[in-house]
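So the sequences go chain by chain: L and R.
Read in order, the letters of the first sequence are residues 6 to 497 in my numbering.
Read in order, the letters of the second sequence are residues 1148 to 1315 in my numbering.
Since the hints were derived computationally from the structure, they do not count as laboratory data.
Note that CB positions come from ideal geometry on N, CA and C, so glycine has one too.
Treat the hints loosely; a few may be bogus.
[Said to hold, decoys possible] Only pairs whose alpha carbons sit at most 20 Å apart, straight line, appear in this in silico DMTMM-like list of lysine to aspartate or glutamate:
(1) L:Lys296 x L:Glu246
(2) R:Lys1207 x L:Glu446
(3) L:Lys289 x L:Glu246
(4) L:Lys186 x R:Asp1190
(5) R:Lys1254 x L:Asp460
(6) R:Lys1234 x R:Asp1167
(7) R:Lys1225 x R:Asp1167
(8) R:Lys1207 x L:Asp193
(9) L:Lys186 x L:Glu204
(10) R:Lys1226 x R:Asp1190
(11) L:Lys250 x L:Glu107
(12) L:Lys105 x L:Glu246
[To be verified] Computed footprint of chain L on chain R, listed as stretches where at least three residues anywhere in the stretch have a Cβ under 8 Å from a Cβ of chain L:
(13) 1202-1209
(14) 1246-1258
(15) 1278-1287
(16) 1290-1296
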Amino acid sequence: MDNLFLMLAPIFSSKLLLVLFFGTLFGLILGVLPGLGPTTGGALILPFTMTLDPLSAIVLLTSIYCAGTYGGAITAVLINTPGTPAAAATCLDGYPLAQKGEAGRALGMATVSSTVGGIFSVIILVFFAPILAQLAYEFGQPEYFALAIFGLTMLASIGEGSPIKNLIAGAFGILISTVGKDFMTSIDRFTFGINELTEGIGFIPVVVGLFAMSEMLTQSTLINQVFNRIALKAIKLPSIEDYKKTWKTILRSSGIGSFIGVLPAEGGTVASLIGYSEAKRFSKNPEEFGKGSIEGIAGAEAANNAATGGAMVPTLALGIPGSATTAVILTGLIIHGVRPGPDLFREQPDFLYGIFGAMLIANILFFIFGFFGAKIFARITLVPNKILWPMIFAVSVCGTYSLNQSIIDVWIMLFFGVLGFFMRRYGFSVVPVIIGLILGELVEGTLRQSLVIFDGNWLMFLTRPIALTFFILSLIALAFPLIRSKKNKKSL
Amino acid sequence: MKNVQKLKRANKSLPFFFKDEFKVSFTIIFVSIILLITTFTFDVVPPILNRGIQPATFPKALLILIIIMTFVIYYLSKKNPWKVEKKLPRSFFLTLLSFIIFIIISKTLDFFLAISALSIFVSYCWGEKRFFYLVLVGIIFPVIVFVFFETILGLRFPPGIITNIYYS
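Okay, chain L solo, but in the shape it has when bound (with noise of 0.2 Å):
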């Protein structure tokens, strides 16, 4: 108890209760609109979190990922689209429930089990981020290299699409973060004679340019998409008879959701999926999952959002994002001048318990806006795409002006919006990257200390059991689709 006082202390002054309440707001707005959702809300959100102090900055990049996890699922139910790829799962019973006129029935179950499993993810964060930042205090710099490393083969593993494509993203990541002055040497590498680049690609461009240019990208090529509606008369709390169909299957998928978070990877989307799979091998009644499965419902959507709690496990503790979005946060500690990891659990447990209290009641408040005003949010998505997109043009170039009053910084977010583009186009995720961007400096640094503490010994990495340890689960990482693919052959 006295735990939960200290927790939601620091969080209880009027500004930081009014950003969390425009962070939660915001997430749901972003969540709701297909193409956008946290990571690109976060990322256009970033330039403008530089008038606020790093806490309010931080509580409104959490709160705006807790709301907007919440917010795909509405879109996913209404209009058969997730509003985020973390509620892709959700389509899949939520859309057929709403077909047969429950939409307020399928949307009360979605609200529920986010909530649930959003606060069940709070809790884990709050007992395990600790503990992990305290085994952190046993890591050196090749124990950090090992982890990263390990981190970065974690996401081809589990990521979304193919494992290789994933890990060539990745190191293109930690490539960019090259350019500029060697921080080691102060020699100049992939300037080309352009004085801008000396001082290196900055996140915000970037970030930017991947996920919210290439969106733009991406919708110029919908444009004649139509979307068929349904309409949603008022929201409905689950009945009692729905409790106990779903009970089990939100907390087990509050559980992977959390485990799925604490993995560097891309959180939500897997955690959904594999909730969703779950729910459906456990249920009684597996034949009604793709047709209208309460149940179904509830394993996707208790999923992905307890992936929030644990994604920000490893992206505290470590430094490590675990999730496309918690890497836009990690870049918003960054630029604010908090640096993550066991430090901060010492330094600053003010700031933590600010974060940790900011994300349980976004859940809290993502829960009572979803249940009043979920009508309102559905509306949101008649906004034309040909009106919101020029709108979100113009915010994207000013912010990523803003950061270093520099025009070549909008022109390298031009350029990563159209590689963007591409990339998923061909089947490459564009999170690697920003995650390789952000790890880069972390894996090239400790990298070449270590080769200067072992004096130019690479074998001396085997001598240590932290290191080797994460090697291992590199390689079990790596083999892990392999091993999957053969699997899935067989069982076909």
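Chain R: place on chain L using the hints.
Below, chain R without anything else, positioned relative to chain L:
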């Protein structure tokens, strides 16, 4: 499912250099080789200042890794061809063109004017013909964004024909 199989079959019938697998792999390898050559132009640090490895070593290793992995995906695509993507519509190329127009206008005339021109152009190309909405996305909204950034974030936009009038 049938459509995917159909698309895969369609891809198989193309000569190898027209296939997406080849075009994408070739582009990645080509760019990586150019960057790899560039790494040989990086300054070399004297051994006394060199910490661990030379500044060029790490990017070189990454580029070699990317090239190897690209060969692997190309090899794997022979067994399991990628699905052929739909042809890109006209609206995509017009949006891409608007990015180029944006760069030209922002460099030569005015940053704000470039945002405004792109917004109207994109909105129109995507099917918006109503005058009020074009004014909304092309003038009213960019003005709000401009004033917001200027006053709240204290941002100074680059000089240009419109921004100069505003600042004067």
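Going down the list of hints, with the structure as the test:
Proximity of L:Lys296 to L:Glu246 is assessed by CA-CA distance (about 18 Å); at most 20 Å being required, the pair is judged to hold. A distance of roughly 15 Å separates the Cα atoms of R:Lys1207 and L:Glu446; the hinted pair therefore holds under the 20 Å criterion. Using a Cα cut-off of 20 Å, the hinted pair L:Lys289 and L:Glu246 holds, with the two alpha carbons roughly 14 Å apart. About 11 Å separates the Cα atoms of L:Lys186 and R:Asp1190, which keeps this hinted pair within 20 Å; it holds.
Restraint check for R:Lys1254 and L:Asp460: not satisfied, since their Cα atoms lie roughly 50 Å apart, outside the 20 Å limit. Pair hint R:Lys1234 plus R:Asp1167 holds up; C-alpha atoms about 12 Å apart against a cutoff of 20 Å. For the hint linking R:Lys1225 to R:Asp1167, the alpha-carbon distance of about 12 Å falls within 20 Å, and the restraint holds. Restraint check: the Cα-Cα separation between R:Lys1207 and L:Asp193 comes to about 14 Å, which is no more than 20 Å; the hinted pair holds.
Of the pairs offered as hints, the one joining L:Lys186 and L:Glu204 holds, with about 6 Å between alpha carbons and a cut-off of 20 Å not exceeded. Note on R:Lys1226 and R:Asp1190: the hinted pairing is violated, with a Cα-Cα distance of about 43 Å set against a maximum of 20 Å. A threshold of 20 Å between alpha carbons decides the hint, and for L:Lys250 with L:Glu107 the separation of about 17 Å falls inside it, so the pair holds. Proposed proximity of L:Lys105 and L:Glu246 is supported: the alpha carbons are some 18 Å apart, at most 20 Å.
Check result for the region 1202-1209 of chain R against chain L: holds, 5 residues qualifying (beta carbon to beta carbon below 8 Å, three or more required). Check on the region 1246-1258 of chain R: 6 of its residues sit with their Cβ under 8 Å from a Cβ of chain L, so the three-residue criterion for coverage holds. Counting residues of the region 1278-1287 of chain R whose C-beta sits closer than 8 Å to any C-beta of chain L gives 4, which meets the bar of three, so the coverage hint holds. Chain L is given as covering the region 1290-1296 of chain R, and this holds because 3 residues of the stretch bring a CB closer than 8 Å to a CB of that chain, at least three being needed.
The structure is inconsistent with the numbered hints 5, 10, although it conforms to all the rest.
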